[in-house]
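**Student:** Here is what each chain is made of, one letter per residue.
Number of protein chains: 2
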Amino acid sequence: MKITTIEWKNNKIKFIDQTKLPQKLEYIYIDKLNDLWQAIKMLKVRGAPALGAAAALGVYLGIKDVKAKDFNAFIRALDKAARYIAGSRPTARNLFWGLERARRVAQKNKDKSLLTLKKLILKEARKIIAEDRLNCRRLAGYGSKLIRDKDTILTICNAGILATIDYGTALGVIYRAKEEGKGIKVFACETRPLLQGSRLSAWELKKRGIDVTVICDNMAASLMQQGKINKVIAGADRIAANGDTANKIGTYSLAVLSKYHNIPFYIAAPASTFDFNVQSGKDIPIEERNSREVSELLFRKRVAPAGVKVFNPAFDVTPHNLISAIITDKGVILQPYRENIKRTLGQVLRKR
Amino acid sequence: MKITTIEWKNNKIKFIDQTKLPQKLEYIYIDKLNDLWQAIKMLKVRGAPALGAAAALGVYLGIKDVKAKDFNAFIRALDKAARYIAGSRPTARNLFWGLERARRVAQKNKDKSLLTLKKLILKEARKIIAEDRLNCRRLAGYGSKLIRDKDTILTICNAGILATIDYGTALGVIYRAKEEGKGIKVFACETRPLLQGSRLSAWELKKRGIDVTVICDNMAASLMQQGKINKVIAGADRIAANGDTANKIGTYSLAVLSKYHNIPFYIAAPASTFDFNVQSGKDIPIEERNSREVSELLFRKRVAPAGVKVFNPAFDVTPHNLISAIITDKGVILQPYRENIKRTLGQVLRKR
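Protein chains in written order, with the numbering used here: chain A, 1 to 352; chain B, 1 to 352.
Read the hints as simulated data drawn from the structure, not as lab findings.
These numbers were taken from a predicted model, which means no experiment stands behind them.
Please note that a few of the clues may not be correct.
Because identical chains cannot be distinguished in the list, a pair is counted as satisfied if it fits within a single copy or across any two copies.
Stated by the list, open to error - With a straight-line cut-off of 25 Å between C-alpha atoms, the simulated BS3-like cross-links for lysine-lysine are:
(1) LYS150 - LYS80
(2) LYS24 - LYS228
(3) LYS44 - LYS301
(4) LYS259 - LYS228
(5) LYS24 - LYS301
(6) LYS12 - LYS185
(7) LYS20 - LYS301
(8) LYS20 - LYS150
(9) LYS259 - LYS282
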């Protein structure tokens with residue numbers, strides 16, 4: 001099974017409509033910026049690394065038909081498109097990183113022709129895609145060293161193929177461990193409200209032949225109590241300079257429960273998820289989403305009484321002290337994080 | 001609003017169909033034992049104290065038309081009915097307690113006529129109902145002393161009106177605190193998979209004018225991290241002699257999270273929920289339910305991929321060391337539990 005979550009094809013962004021899974025594997029082709037904005041907002045495309053690619057491709061959609069008479073007019077059009085995309089979802093660092101990469105290419109080539117500028121931006125977006133394929137595999141190579149034969153791993157949300165281009169971060173580590181011949185069992189937290197765990201992770205883990213069992217989020221502690229979980233691995237949407245990590249709501253809960261039960265708790269994310277402008281987790285913006293995601297099941301059947309208040313944060317922040325290690329494409333980072341993140345990702349930092 | 005969850009009316013068991021809430025407040029009338037068995041299994045009637053009443057009324061349904069020629073034939077019929085009801089759900093202590101109370105009345109009156117025996121069993125079942133009304137209010141009176149003005153209380157599942165006759169245990173404490181003029185805010189965990197929190201607790205709390213906000217179960221830790229929860233109160237399905245408490249899956253998770261965040265974690269349950277024949281939580285049978293409760297949303301829309309494994313325990317066990325106090329109708333019990341449970345409930349124990 002060869003699945004590519006997002007790519008540039010026939011002059012359009014082609015991606016899997018993740019709201020249709022697991023019932024249907026359906027692709028969407030988009031060539032209008034506001035369609036992309038909607039697709040990101042509705043989580044048709046999601047997952048921090050995939051959003052980085054979507055954002056850069058989105059910039060290209062936003063400028064490909066622009067008839068700017070000079071570079072200033074061009075960069076104004078680019079910034080307008082970037083600001084528009086940036087307004088779709090606030091938490092994932094990679095989305096902004098994708099926008100920044102597209103802009104930097106333009107700035108570096110301000111003396112080039114309009115046609116060349118456009119080509120270079122598309123090239124950069126496709127480079128992000130190529131890099132992600134490679135980086136996920138590098139990350140998985142580092143991460144799988146932490147995994148032993150017969151481990152039972154708990155995960156949350158989807159940090160797999162569907163969150164990246166074609167391999168995954170947290171789930172990439174599991175795929176790599178399996179490729180190395182290790183017997184791995186996975187418990188996938190269903191991940192309310194939008195059930196990325198039961199809909200997406202269970203789907204791709206099953207397709208890749210991994211022994212996966214779905215649980216409700218509130219069952220994780222009970223499994224840990226019974227000694228059935230050896231490791232927890234989650235992805236990340238944004239990692240602060242001190243290691244504090246924003247990820248899908250429920251991640252912090254698993255981190256505390258792991259600490260209590262003495263289970264290693266790992267975060268897996270590429271360098272592009274780190275935000276050196278954010279010193280700690282308290283400065284990471286947390287998206288709050290539509291209450292209907294909670295009060296109605298997938299917007300279909302009402303469950304909570306009409307008019308009842310709902311609190312629906314999409315993410316939470318796990319303080320660095322609860323994280324056993326951060327698995328990146330540059331290596332595994334251990335505490336103390338502020339120093340070791342700088343050391344391991346220093347080169348990435350300088351590149352910006 | 002005066003709601004009675006379960007009662008004996010017009011020669012039938014009348015109860016609210018809790019699978020229809022919050023959309024419809026609909027009553028069911030049952031006069032056949034196998035209909036009652038189905039209703040309990042399908043959670044149309046649920047909640048440990050309500051199940052105690054249902055079980056005793058069920059024994060009456062099972063024997064009311066029996067034409068036994070002597071007491072032995074009568075008690076055989078009674079035991080057959082009781083065994084049948086006992087097979088519906090294994091965890092809640094009150095269900096078995098209700099069956100035992102009905103049987104004990106028969107044993108004590110073995111010399112009475114068949115007609116009198118039947119009348120006495122119905123009388124006992126109605127006595128259980130009358131006692132529950134009183135006991136919930138007593139429990140709430142003790143529990144509300146632990147609640148302060150402006151407390152924000154987190155709860156899970158439904159331990160309210162709908163889990164008892166008409167007042168509740170964990171939610172009864174909140175109702176009483178409000179009656180005393182205390183300003184209380186409640187966060188209700190939706191309680192996957194069957195959403196008793198968002199469907200039932202949110203419904204009755206809202207009806208009683210309590211400020212309630214629904215969250216997904218995986219959001220509780222984040223609220224605690226932000227200092228937004230002062231107290232956690234949960235009900236119980238069975239409490240062992242040492243204080244270990246089986247309750248809705250997810251309760252143990254909240255207990256660990258409360259410990260980590262230094263938040264008092266209370267269990268609220270009547271004396272009838274204690275099981276002195278069970279020395280610790282590891283001996284409490286935990287019901288595992290249909291995987292479709294998890295893999296399909298309320299049995300309607302498939303979410304997990306077809307054929308994926310699901311683990312669906314209905315309850316978990318919270319070890320006594322994580323429980324700050326157990327609120328009962330005989331008083332608030334503190335650690336050390338084995339001694340203090342005996343002391344507080346001693347009279348109840350001897351009665352058996």
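**Student:** Please go over all the hints and tell whether each is borne out by the structure.
**Tutor:** Hints and how they fare:
For the homomeric pair LYS150 and LYS80, neither the shortest alpha-carbon distance inside one copy (51 Å) nor that between copies (46 Å) is at most 25 Å. In this homomeric assembly, LYS24 and LYS228 never come within 25 Å of each other (Cα to Cα): the closest approach is 32 Å inside a single copy and 40 Å across copies. Taking the shortest alpha-carbon separations for LYS44 and LYS301, both the intra-copy value of 20 Å and the inter-copy value of 18 Å come in at or below 25 Å. Taking identical chains as interchangeable, the C-alpha atoms of LYS259 and LYS228 lie at most 25 Å apart whether they share a chain (15 Å) or sit on different chains (22 Å).
Proximity of LYS24 and LYS301 under a CA criterion of 25 Å is satisfied in both settings, with 21 Å inside one chain copy and 13 Å between copies. Proximity of LYS12 and LYS185 under a CA criterion of 25 Å is satisfied in neither setting, with 38 Å inside one chain copy and 50 Å between copies. Proximity of LYS20 and LYS301 under a CA criterion of 25 Å is satisfied in both settings, with 17 Å inside one chain copy and 12 Å between copies. For the homomeric pair LYS20 and LYS150, neither the shortest alpha-carbon distance inside one copy (33 Å) nor that between copies (44 Å) is at most 25 Å.
Taking identical chains as interchangeable, the C-alpha atoms of LYS259 and LYS282 lie at most 25 Å apart whether they share a chain (21 Å) or sit on different chains (22 Å).
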